[in-house]
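All chains, full assembly: derive it from the sequences and hints.
2 protein chains.
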Amino acid sequence: MSPPSAVDIEMKGVTDTSAVSIPDPLTFKGVPGWREKMAKMPTGVAPACSSDMFKSPACYTKPKAKRFDHFLSLEAKSRKASTLKTAAQYLRNPGMLSLGGGLPSSEYFPIEQLDIKVPTPPGFTPEATRESGAILHSGKHDIKEGKSLYDLEIALNYGQATGAPQLLRFVTEHTELIHNPPYADWQCTLTAGSTYAWDTALRLFTERGDYIMMEEYTFASAAETAWPLGLKALALPIDEEGIVPEAMDELLSNWDVKARGARKPYVLYTIPTGQNPTGATQSAERRQAVYKVSQKHDVLIIEDEPYYFLQMQPYSGEGAAAPPPPATHDDFIKSLVPSFLSMDVDGRVVRLESFSKVVSPGSRVGWIVASEQIIERFVRNFEVSSQNPSGISQLVLYKLLDEHWGHSGYLDWLIALRMSYTDRRDALLHACEKHLPRDIAHWVAPAAGMFHWIEVDWRKYPGVAAGKTREVIEEEIFLSAVDHSVLLSRGSWFKADSSAIMEKMFFRATYASASSDQIDEAISRFATTLREQFGL
Amino acid sequence: MSPPSAVDIEMKGVTDTSAVSIPDPLTFKGVPGWREKMAKMPTGVAPACSSDMFKSPACYTKPKAKRFDHFLSLEAKSRKASTLKTAAQYLRNPGMLSLGGGLPSSEYFPIEQLDIKVPTPPGFTPEATRESGAILHSGKHDIKEGKSLYDLEIALNYGQATGAPQLLRFVTEHTELIHNPPYADWQCTLTAGSTYAWDTALRLFTERGDYIMMEEYTFASAAETAWPLGLKALALPIDEEGIVPEAMDELLSNWDVKARGARKPYVLYTIPTGQNPTGATQSAERRQAVYKVSQKHDVLIIEDEPYYFLQMQPYSGEGAAAPPPPATHDDFIKSLVPSFLSMDVDGRVVRLESFSKVVSPGSRVGWIVASEQIIERFVRNFEVSSQNPSGISQLVLYKLLDEHWGHSGYLDWLIALRMSYTDRRDALLHACEKHLPRDIAHWVAPAAGMFHWIEVDWRKYPGVAAGKTREVIEEEIFLSAVDHSVLLSRGSWFKADSSAIMEKMFFRATYASASSDQIDEAISRFATTLREQFGL
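From first to last, the protein sequence lines are chains A and B. Once you know that position 481 of the first sequence is 481 in the UniProt record's numbering, the rest is easy, because the numbers rise by one and skip nothing. Once you know that position 241 of the second sequence is 241 in the UniProt record's numbering, the rest is easy, because the numbers rise by one and skip nothing.
Just so you know, these hints were derived from the structure itself, not from any lab. Since this is a predicted model, take the numbers as computed values, not measurements. Wrong hints could be hidden among the right ones.
As the list claims (entries may be wrong) - Sample of chain A residues with no beta-carbon within 10 Å of chain B, all distances over it, derived:
hint, residue
1, Pro-23
2, Arg-79
3, Ala-87
4, Tyr-196
5, Arg-260
6, Met-343
7, Gln-387
8, Arg-438
Claimed, not checked - Capping the alpha-carbon separation at 25 Å, the derived lysine-lysine pairs in BS3-like fashion look like this:
hint, chain 1, residue 1, chain 2, residue 2
9, A, Lys-495, B, Lys-85
10, B, Lys-468, B, Lys-504
11, A, Lys-80, A, Lys-40
12, B, Lys-258, B, Lys-232
13, A, Lys-64, A, Lys-80
14, B, Lys-232, A, Lys-77
15, B, Lys-117, A, Lys-117
16, B, Lys-504, A, Lys-232
17, B, Lys-77, A, Lys-495
Beta carbons are placed, not taken as given, at the ideal position from N, Cα and C, and that holds for glycine.
Below, the structure is given as structure tokens:
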């Protein structure tokens, strides 16, 4: 591999790679070496940056993404680059004195130092952190003093919509290491959380009156983001593995513009891993099939992936212990179901990434991976809205993930999280097996995520004969459970199409926040509720 | 004053106050006493909260705001409360075990402690902070351990769109102490920065095709937020005191729906203090006049106020020293020009507040003050977009502003900032007086903000006779300045209506980020540019 330079960085323009020797793909071990060879980290205030600064040369040997101009909304199409940010180009001139931009001077930021205490792998528990944890210091002028590539002087000032290059590098490398998208010009941008990214996506890719495709049961907030924009849901039938591709194909093939009063939908919102609320995880084959249908009908896939690293150990059944953790990082990565991004030869996937379930929701920092064209439109929007995610959050994440853990330590953390969530899920499944009446309650062990989806056979409910509807029965059971001091979520809250009449009835339980004892007691209370209500 | 209770909190419903003894208004000294009497701070994960928990009883003796349903967009009108957040009501039942919401457990937040080093009043400089600064500790379980009202367990988890009650209390009290809005049901909500608040405001109050009113020169990014939404600017004529109310009245009185192809505008975006780019500050009388015109034409005033506390000492002229700082907090507050919010008897003002210019732009935390009806619509939007500002930022701001400084220490900081910006502005003005050719360069000393607006008499430019336009001349001067290694902003970048032909030509200089020496050198270079270009 020849030493990268400004010329390599420009390789993204190269589509005929026959004359170029094909560089090795980036590896975990290769990251430090690659970092040394690449262009210098920009460490000024709000420096322009992009993933192109951080991707390895192997990326640019691939073909470029398709153009998706036809997906852009009127709003997205008419958004121009920021005038004032464009003027920043002159700041690169050596010796330039600027009275141009209104950036406050760092002497007016009243925080001189920020320290965090964090775990050191492999001691991830709060107890281990007390003993072996590290204190990460961040001073105001660490960059000038040669102590760090990122500091408070920069983090406390305005930043770019792409995020700070220091953290953008980490997520770009992470993306290449885990997903290695099969086209050349993919990029990342940080976002102020993935809920915000989803709201922005709707404004970029839809117009009032459009339909968007969603799993028939979906994350209620994601749906509630869409409705006030005048959007309607085309609810896609699902099974234990999520979206049924044949059903999606049929719905799109038979789309009747006149009858529907809307153009054929081209935005698919999906939570492929540990879906909320059903807990379903699409297998690799399922994803390939959904991707093929998306190619056939020219669909943009927005994969919302907060639970990707909450893929758990296989469920070993009642009373059995979970299999041992992945022996190596490679085993761990191989155990993960491949993302849509990893099979995205066209550049039609927008991957919404989140630290909320694996580090901290309160950071309000996530990121997006998509083609350069699409990322650019997101960034133009962020510039005049969120501006950039919190610099304080970015600094904390950078110190923890990049300076302290590195990619390898982050994987250790994610493996520990996997084992921990496996225990939690198993506790819930064991409680269900122990308490719930099997003649009316059915479930599939979730392979990922935070949610367990319990079907309750409403047709056996005593009031059915007297004409009670599924809706009424669901409400009666829910309120009776509340009377028994246990709160589950009603399945109907998650209907993508609120007017749809569903055949089955579900309740959603989470194992994310309660302890094993609490889970057992809560499920026992729910079982009592069901027995009472069903007269069992 | 009777001890406040849940009943007092409900006083906001009372409009006939004849039977109620009128309570004293909140004072800086009264804050601790009032806090002791009021309802307990909610310290759980993502607790519901509102400013009503923190306003003093004096607020509720005032009449309620008008309703502004007719200002709401289709999007704003159709947004409902979040289903899942509504379900949280059952969590209040004692003994409830929840398997409902998918909130991660705090043991999975890998930050056990966060410490910041900050200045202690009156030692605000970095040097003083090194000597007398305080280290503020934040542990994961400070709340349970009785050490603080806010901690990492809460800050690192999801929060409410209103922001954490801990910080919401501070901004609510600050708002009452400084602005004391003259109607009862005002509220605050935190936001992920005021640029984001402005983007959201446009989506709440406008439809594609509408005009919005802006100062004829305005913050370029604010305008660029609006254009892709299909909005047009009605550029309001300005003088040294900003918006000319008579001109605004005339434009609205003569609005011709047919000729304009749009309904009469009802959203006014204004930066009343230290306006960007002109540096103009509207006097109290000017604001009263603009408010009256807004009442007459039923206009919603969005006051964007990042520079409110960058009101400086009066300019004493060349060579003279600045007057001494305000002797007391009361003197300081009296020296501030009253906000639109403080004169808003109708509840027609939406005040966008920011910590960016007075604490740190990188926090990406700001807040909005408006009537309960309007705040509720903002919050509904935030819930499905930003969710909440960074919890890490909120924690840092709370520790600094509330626990360490308190309202009184924050005022000390703001006074120090005032004196410091006065010095910076004076350095710029002295440099202008020293270097700039007075026959072609004219300016007014800015009373607030970060910006100095320099008029250059383009009609005296050598190329005018040969037919060079103002635009071309502005560009030639700008590029020539770049060649002389000094960057100013071109006035035309800030035109609210990009198609407007302006009579005058301006350059904007900031004194926010450069040192006095740099400012002197930069203005000297600009003077050289002007002399060369004008052949002086």
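Next on the checklist: Output the indices of the hints that this structure fails to meet, ascending.
Outcome noted: As far as the earlier hints go, 2, 3, 4, 7, 11, 16 are violated by this structure, in ascending order.
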